[in-house]
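Peer 1: Below, each chain spelled out in residue letters.
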Amino acid sequence: MTDPGSINASEIATAVRNGHSAVETVDRCLDAIAARDDELHAFLHVDADAARAAAAAIDERVAAGDDPGALAGVPVALKDNLCVRGAPTTCGSRILEGWRPPYTATVVDRVLAAGAVPIGKTNLDEFAMGSSTENSAFGPTRNPHDPARVPGGSSGGSAAAIAAGFVPLALGSDTGGSIRQPASLCGVVGAKPTYGAVSRHGLIAFASSLDQIGPLAGDVGDAALLLDVISGHDPLDSTSIPDGIPSVSAVLDEGVEGIRVGVVSELTDAEGVQAEVGEAVESAAIALQKAGATVGPVSIPAAVHGLAAYYLIAPAEASSNLARYDGVRYGLRVDADDVATMNARTRASGFGAEVKRRIMLGTYALSAGYYDAYYGQAQRVRTLLIRDFESAYESFDVLLAPTSPTTAFELGAKTADPLAMYLSDVCTILANLAGHPAMSLPFGTGEGGLPIGVQVFAQPLREPEMFRTARVIEESAP
Amino acid sequence: MSRRYEAVIGLEVHCELATATKLFCACRNEFGAEPNTNVCPVCLGLPGSLPVLNGRAVEFALRFGGVLGFGAPARSIFARKNYFYPDMPKDYQISQYEEPICIDGALEVDGVRVGIERAHLEEDTGKTVHVGGGGRIHEADHSLVDYNRAGVPLMEIVSRPDLRSAEQARAYVQELRGVLLAIGVSDVKMEEGSLRVDANVSLRSEGADELGTKVEIKNMNSLRSLGRAIEFEIDRQAELLEAGEPVAQETRHWNEADGRTHGMRSKEEAFDYRYFPEPDLVPIVPDPQMRARAGERLPELPADRRGRLAREWGISENDARLLVDVAGLAEFAEAAVAALGAGSAKDLVNWCVGEVLGFLNESGLVPGALPLAPDGLAELVDLVAAGSISRAQAKDVLDECLREPKRPRQVVAERGIEQVSDEAELAAVIDDIVAAHPDDVAAYRAADAKVRKKKRGFFMGEAIKATRNQGNPKVLGRLLDERLAGD
Chain F
954 MTDPGSINAS EIATAVRNGH SAVETVDRCL DAIAARDDEL HAFLHVDADA ARAAAAAIDE
1014 RVAAGDDPGA LAGVPVALKD NLCVRGAPTT CGSRILEGWR PPYTATVVDR VLAAGAVPIG
1074 KTNLDEFAMG SSTENSAFGP TRNPHDPARV PGGSSGGSAA AIAAGFVPLA LGSDTGGSIR
1134 QPASLCGVVG AKPTYGAVSR HGLIAFASSL DQIGPLAGDV GDAALLLDVI SGHDPLDSTS
1194 IPDGIPSVSA VLDEGVEGIR VGVVSELTDA EGVQAEVGEA VESAAIALQK AGATVGPVSI
1254 PAAVHGLAAY YLIAPAEASS NLARYDGVRY GLRVDADDVA TMNARTRASG FGAEVKRRIM
1314 LGTYALSAGY YDAYYGQAQR VRTLLIRDFE SAYESFDVLL APTSPTTAFE LGAKTADPLA
1374 MYLSDVCTIL ANLAGHPAMS LPFGTGEGGL PIGVQVFAQP LREPEMFRTA RVIEESAP
Chain R
-18 MSRRYEAVIG LEVHCELATA TKLFCACRNE FGAEPNTNVC PVCLGLPGSL PVLNGRAVEF
42 ALRFGGVLGF GAPARSIFAR KNYFYPDMPK DYQISQYEEP ICIDGALEVD GVRVGIERAH
102 LEEDTGKTVH VGGGGRIHEA DHSLVDYNRA GVPLMEIVSR PDLRSAEQAR AYVQELRGVL
162 LAIGVSDVKM EEGSLRVDAN VSLRSEGADE LGTKVEIKNM NSLRSLGRAI EFEIDRQAEL
222 LEAGEPVAQE TRHWNEADGR THGMRSKEEA FDYRYFPEPD LVPIVPDPQM RARAGERLPE
282 LPADRRGRLA REWGISENDA RLLVDVAGLA EFAEAAVAAL GAGSAKDLVN WCVGEVLGFL
342 NESGLVPGAL PLAPDGLAEL VDLVAAGSIS RAQAKDVLDE CLREPKRPRQ VVAERGIEQV
402 SDEAELAAVI DDIVAAHPDD VAAYRAADAK VRKKKRGFFM GEAIKATRNQ GNPKVLGRLL
462 DERLAGD
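Read top to bottom, the protein sequences are chains F and R. For the first sequence, my numbering gives the first residue as 954, with consecutive numbering after it. For the second sequence, my numbering gives the first residue as -18, with consecutive numbering after it.
Because the hints were derived from the structure by calculation, they are not lab data. All C-beta atoms in this analysis are idealised placements derived from N, C-alpha and C, irrespective of residue type, glycine included. Some clues are possibly wrong.
Which stretches of chain R does chain F cover? Using the computed rule of at least three CB atoms under 8 Å from a CB of chain F, they are [said to hold, decoys possible]:
#1 56 to 65
#2 69 to 80
#3 168 to 181
#4 322 to 329
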């Protein structure tokens, strides 16, 4: 069962717990990164010495008869918007270049406590704003399946790192699809848990009411393993769910017998959804039906307003969250004769175009006289959407839809057209607006051998049903 | 001000809550620490940090709401108030906008009911110190920021425009301070900035219903400057109206030095705070337990306490007000009365509102920090009542006891000033003097009333001298008169 050369997290953990060298595993990952990351640029920062030292410490613990935990010796990549004490944390932005947090994010503490070995920080669109990782101030990441194409975003570095075989596990964050869309484009598994399932403490905020950290992995089982480690209540995050979510690993193989699957018509039939993507969703539905689920179409009427609502709420919160990057306390400072000019010059020089665009959109949406028409209206859409989901869940247990309307596109294809780029998120943002869990998993390939992802939605706290469904789809994937 | 105008005044009082820790993190809430020592990622607004609400602050606000008859909303939410300022770590302040924690209460001030529209919780900002250029921002070489105060819990209490004069505004703040102090939610020290007051002042024609244009005045750091600033502003607006000029709606700064309010540049005023609900915090929904805790052990409010002390001790309303208005003084007096008995209450209160209060004002100390304990004051009053020392001597003794940790009896003993009232001892002194001055005795006995008085003064002086100032003058006088009237 345990293959020491494996890049599967649960196999590595089992091997390390049985005395196989974690240092050796880490070295294998570091070699893979050294061999190909100059081309892909999945990582912004790799700390090889620290990774080897952490792995050596795990080996010592095992030698001493200690059990380091469920992720014993498993290399894990961290999206570079997660704070790690003393380590560079840039959020893909010049404005945070050189800043080293004095504290560590709760999720990172949790993977460390489970025995994982952090390898480095992965590339992302600046402040997680984007769907291609082209908005990183430090250059784009390339898709391991075709380096001329994007890996998706914003967690493109994390998704590419898994697809390239650099690491078995990675953490990402998902505000409008930033875990699921790159997972789809890179052919890996990515899950956004219920809002509040994973602590946001130490996650550099983009849009606080939408942001959620989640796992990226090579398969559904590894994603479940990582989710079980990182979920749970955290008193340092007031929006954290008091009792957490149920374990997903424990129920993974329970099948879909009796589970009711709704296929969201607004999303499968949406404009811009490639035919091969729609067909993949259909095939996945048929596979579920064969495995004992009942399948039927379902409508989420408010879904058509989702994108508009999202592009008001997320920028509005971002405009406030990003105000603190003013050059006074940390990060970049461009000096001037007075404070207001210093603030303005610092922000003008430190933020990229997409971040500035969203700050302006959000500032406008919250302005006196416009608040009700924009932010207020968007919040009402959110309420409507939750109501539509509730009524869908009266007849169904999980919902099925595409993750990304398209397979991976070429670098530069959408950079000149922000709206086209925003449409990449049309199927994923609904889960963020509603606060519900959703995950993407690969289901075959399309033209050019590019991976296609399908998406499973579930009700809040119903990650177990979501993962059971995903597991069955995975087993029947072409 | 011209008789033709009526002033309409509303006050916004910011009071620092006396919680042990800050509003959204575990940093200590204390005044006067080394700059930037009570800080953490949360109150510094570091990327990735999140606020966690201090339950104590919520309890304090609920307690305040409870005693002033506020409605208690089932739910209350925080909002972000967005604006750039270097001493505000996140460049937004977590405050409350819609759905504040206390809605619609009132405070009675000298028989007038002053409405309070709302009270809400918010975090304080840091403090900027401008270096060079006389400490003013525009001429400064550079500025330093101390974030110790950032995140300290504040309660903003917004009155309705029910006040009509500077005097009434001062009385309202004074009464509000008393309430906040009595319920133990704030130290209310205006000088340390734990109580800050902004005033909204407008004028309208006598008898008019509609309100005039409102001017907001800031930067008053004492009750006295609050009164002065409002008076100045009323006069300024009256002059404008008299001259037929409009009053501009603006924010003006009170300048203590020149005794005037000054308009701020309009650019600084054009704030759009872009309030929206704070997504990092969940709504406050006080459960019955929380409400019960807030209502537990509610102390007597100042107005009730003044009434009770005046009634029980037979002291004037004014003395009762002085005792209650000075933090800790009423407690001090009550402990002293408990030690000596209610019969001495009036005497004790006289000392409290006289010498003791004078020393508190001079030293800036609170009664609890005095070297003299309440039963020490009781001991002093007892010494006077027993005739052991005179009232004049008692003042000197008290002065020493307020500065040094000594008991009154100890000071009396050290100074050797205890009065001698022993009849036999003093009679012997008188006998010696009479025997030593036979001619003066004879002259006294032969003289008329006027000369007798003068002579008597001479004998008394000799007697006091002979007892080294310790003879009880009353007893000496009586014995002397007996001997001179003599055989």
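Peer 1: Tell me the numbers of any earlier hints that the structure contravenes, in ascending order.
Peer 2: 3 and 4
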